[in-house]
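Here is how the chains run, residue by residue.
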Amino acid sequence: MAIPIIVHLLNRKRYRTTEWAAMPFLLKAARESRGKKKLKHWVILATRTLLIAALVFAISRPLIGRFFAWGNGGRVEHVLFILDHSASMEKLALNRTQSLRATAITQIQETAEKIGAQHFSLLDSAHGQITPLTSVSALDKLPLTAPTEHHSHFPTLLEKALTHLEQNPGEKTEIWIATDLQRSDWSVESPVWETIRQRLDTLPSPPQIRILSLKGTPELNQSIQIERVQRLSDKLLIDCFIQRNQENEIALALSIGSQGGEYSESIQVSGLEYRFQLKVPLPEGSLNGYGWVRLPNDTNLNDNLVYYTYGPPQPTQIWLISDKDAQSEDNQTLLRAAAPLGIPQLKASFTSPETLLSVDWQSASLVIWDAPLPQQQEVTDVLTAYLKAGGNLLFIAPEETKTQAFLGVSWGNLTPAPDGEYFLIDKWNQQEGPLRNSPGGGVIPVDFLKTIQKRELSGNATTLASWEDSSPLLSRVLTERGGCYFLGTRPNLYWSNLDQMGLHLVLIQRLANSGKNRFTADYSKTVGQAAPSLKTFIRPPDLPLIHDPRYHSGIVERSERFIAINRAKEEDLWEKASEEEIQLLIGKGHTHLLSEGPARSDNLVTELWKSFLILALIFIVVESVLTLQKPLTKK
Amino acid sequence: MADYSFLDPKLLSRLEALPFESRSPMVGNVAGRHRSPHRGSSVEFAEYRKYVPGDDTRRLDWKVYGRSDRFYIKEFEADTNLRAYFVYDCSGSLAYHSENQEPKIDFARRLIATLSYLLVKQGDAVGLCCCREKLFLDIPPSRRPAQLQTIFESLEKHNPQGETGLVEALHTIAEKIPQRSLVIILSDFFVDLPKLSEALQHLHFRKHDVSLFHLMDPQELAFEFERPQKFVDLEDGSSLVAEPQLIMEEYQSILSEFLSDLPKTAHDALAEYQMIQTHESLEEIVSAFLINRLVR
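Protein chains in written order, with my numbering: chain D, 6 to 640; chain L, 582 to 877.
No lab work stands behind these hints, which were simulated from the structure alone. Keep in mind that the hints are not guaranteed to be accurate.
Said to hold, decoys possible - As a list, the in silico DSS-like pairs of lysine-lysine whose alpha-carbon atoms are at most 25 Å apart:
#, chain 1, residue 1, chain 2, residue 2
1, L, 811, D, 43
2, D, 33, L, 811
3, L, 715, L, 702
4, D, 33, L, 776
Unchecked claim - The following label-pair restraints were derived from C-beta to C-beta distances:
#, chain 1, residue 1, chain 2, residue 2, range
5, L, 757, D, 44, 48 to 54 Å
6, D, 48, L, 864, 48 to 54 Å
7, D, 11, L, 845, 44 to 50 Å
We put the beta carbon where it would ideally sit given N, CA and C, even for glycine.
Isolated chain D (complex conformation) (with noise of 0.2 Å):
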């Protein structure tokens, strides 16, 4: 680019002299000259270097692109890409044509082929292997990048990127990640970054990470995730949480299939979230079985549908253990609450802490202490197994004060009320928790509980209620699978109207069925955890037909059970990550973000040859123009 210049300059240098005798014309024509003649001068050098420059570039063949910035600093050897091909790339592109994944997939495959990378592999989230492409155009039409209701988790597949290159150390290669930047699939809480920075740091030439962001549209898209199945006689409840794009309020048309078939259910939803309660009737004498849920279709058809399973009735088994006598007052309350009568499904059993051995732990759903912390090893054993193996485990406040501890925490001294006051409660956790919100809204009164005597709580538990002055009424360890709650107050006039409000009732009810929910955890599973064969598959038999089914939601059977796969969770979390922390996650040097906008076209880079030629032959005419002389006047 620099030539005219140079030649410019060492032409000024390799002048030639010349004497001459019209000196005095010659004088004046170089004072008059100055001024536009310099200006032509310096325009038509401006024009030789843009020459040059565009030949240069028209011959280098660089690459104009949002994806690229400017120029793609030489050619890419290998290109790694990771397709982010969890559900939540099925939802419609900006361009409403395409799903994000397929827009992504058509426009790596079209700026790859631009480049001209030597080499390209695939490393989709949903199969997590490394996959070398003979050619890149036909990676839309690939089973691996077709749709699937997988979850992603970028940290893992940043790893396998990185074991990739430190193997693979001579390759020039680039990663190209296209994602929706879906919050959950990124964890960026995950301390893996960490390594993930410094093995990047450590690489001999660390790759030039691009990621493509994309955008789906704005328009309606609502998901449905079943929280809970609790199967009565002849029916099934199932609690739905629906969550919404968009906050206002319309009727919803609710496909219910089983079985037997599937039927329709209008219910109206607003809000963002909205959750319900499905009431499924069961077929007479049906011991297991499965259905779904499914939301309209809207602008990501793989987080609409939901299934569920269900197996035969078993009966729901709680354990009171008392120091106390089986027929005091107290226990006598925990009983009714705990199997109410004419509700033959829940049973409830006492037994004093000295003859544990008569507990059933393997069916127990939840197990009350009303006692003090237990003391002996072996008792602490057997409650911690119990609760590894997913059983709930409730502490009453004791009336003694004993310093013991379990899990870390431990009663602290009774505090009672003023004389005619109360201890209310302040706040407590509306979301989950036994304290919860109904499904359909309705609020647990647990403000109007009035409490006169309360034991304090010390150890690092979670406060799911407090009273005013913050100390806990409710509080939990979640172990492994279980959870340990502690109960600041007891059921008993001396103490709370708790027993009157019911409220006792409400928090063993639900706890026994959050235990038992350990018995039909096998029957629910995550797209990925469970590996299916497509014969024993089953979906609904309108959906398009899938190869690979581990990469699917849908019902699973085997051996005479059920198992409803459905997609996970987390990919109903809508909330993205910030390109700047995405950007900090691995490392700002190594990363370029493109935000697929509304505004953008489809292409992510542009060859620029031809405009350069142009260019190239626009400056050669005018530097013609500006250097063709005039016909000498001759005198």
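Once you have looked at the hints, place chain L on chain D.
Just chain L, lined up with the frame of chain D:
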């Protein structure tokens, strides 16, 4: 006569047939072929005038007296020789010549030598003035053949150098020459034209017949260069580095104006002007010059 490079005997022999005429009456010291402002004794009738006492009675026209009974004197034109001064600009700029071209000074030498020869051959007196910053050589006119030797030696001896003082030299010459003469100026005239005009007017006022030979090299007109040049002034040695293509248009415009103004300046002073490019034929130039004077 010594062998001078600026003399071409063949050319001289071809040009000998053409007379060198003056455009206006001359005042010579001997009889010659040029008209004189005075009445003389040539065979060419001039006029009659009344006799006044003291007139030579031999010039009375008796035939007229016989017819009219009045005395008339018959007068005839006087023929005389002319005195020609060659004013020769010997400043540095005359040394210029482009590639394969003759220096302007050499062309001037050939022209002076040729015309001098022709003039002396027909009995006219020839002198030579040479100027640089000022007039430094003044050879008075003489019609002797030996004068040619003197002039040729001077032409050969003095090479161009220094700045031009042509205008001042012309004023000096105008004052110095006692009688009306033919003044032939050879220069590139790279001088201030208004001042040159004054000098020419001065010569005209002194009743001199003035001719200007404007010597130009073809390259000075064309100004064709392909690469940057460092132009060094032949007169004062100053220099200018320039991109010829960039200033060519201005240069040609200024030169064109000069070439248009110089003939006008000469015309205003009733001087004869002829521009010569050094690649032109001397014979054609001299022939044209002589014939042009002949037909007036």
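Hint check, failures only: 3
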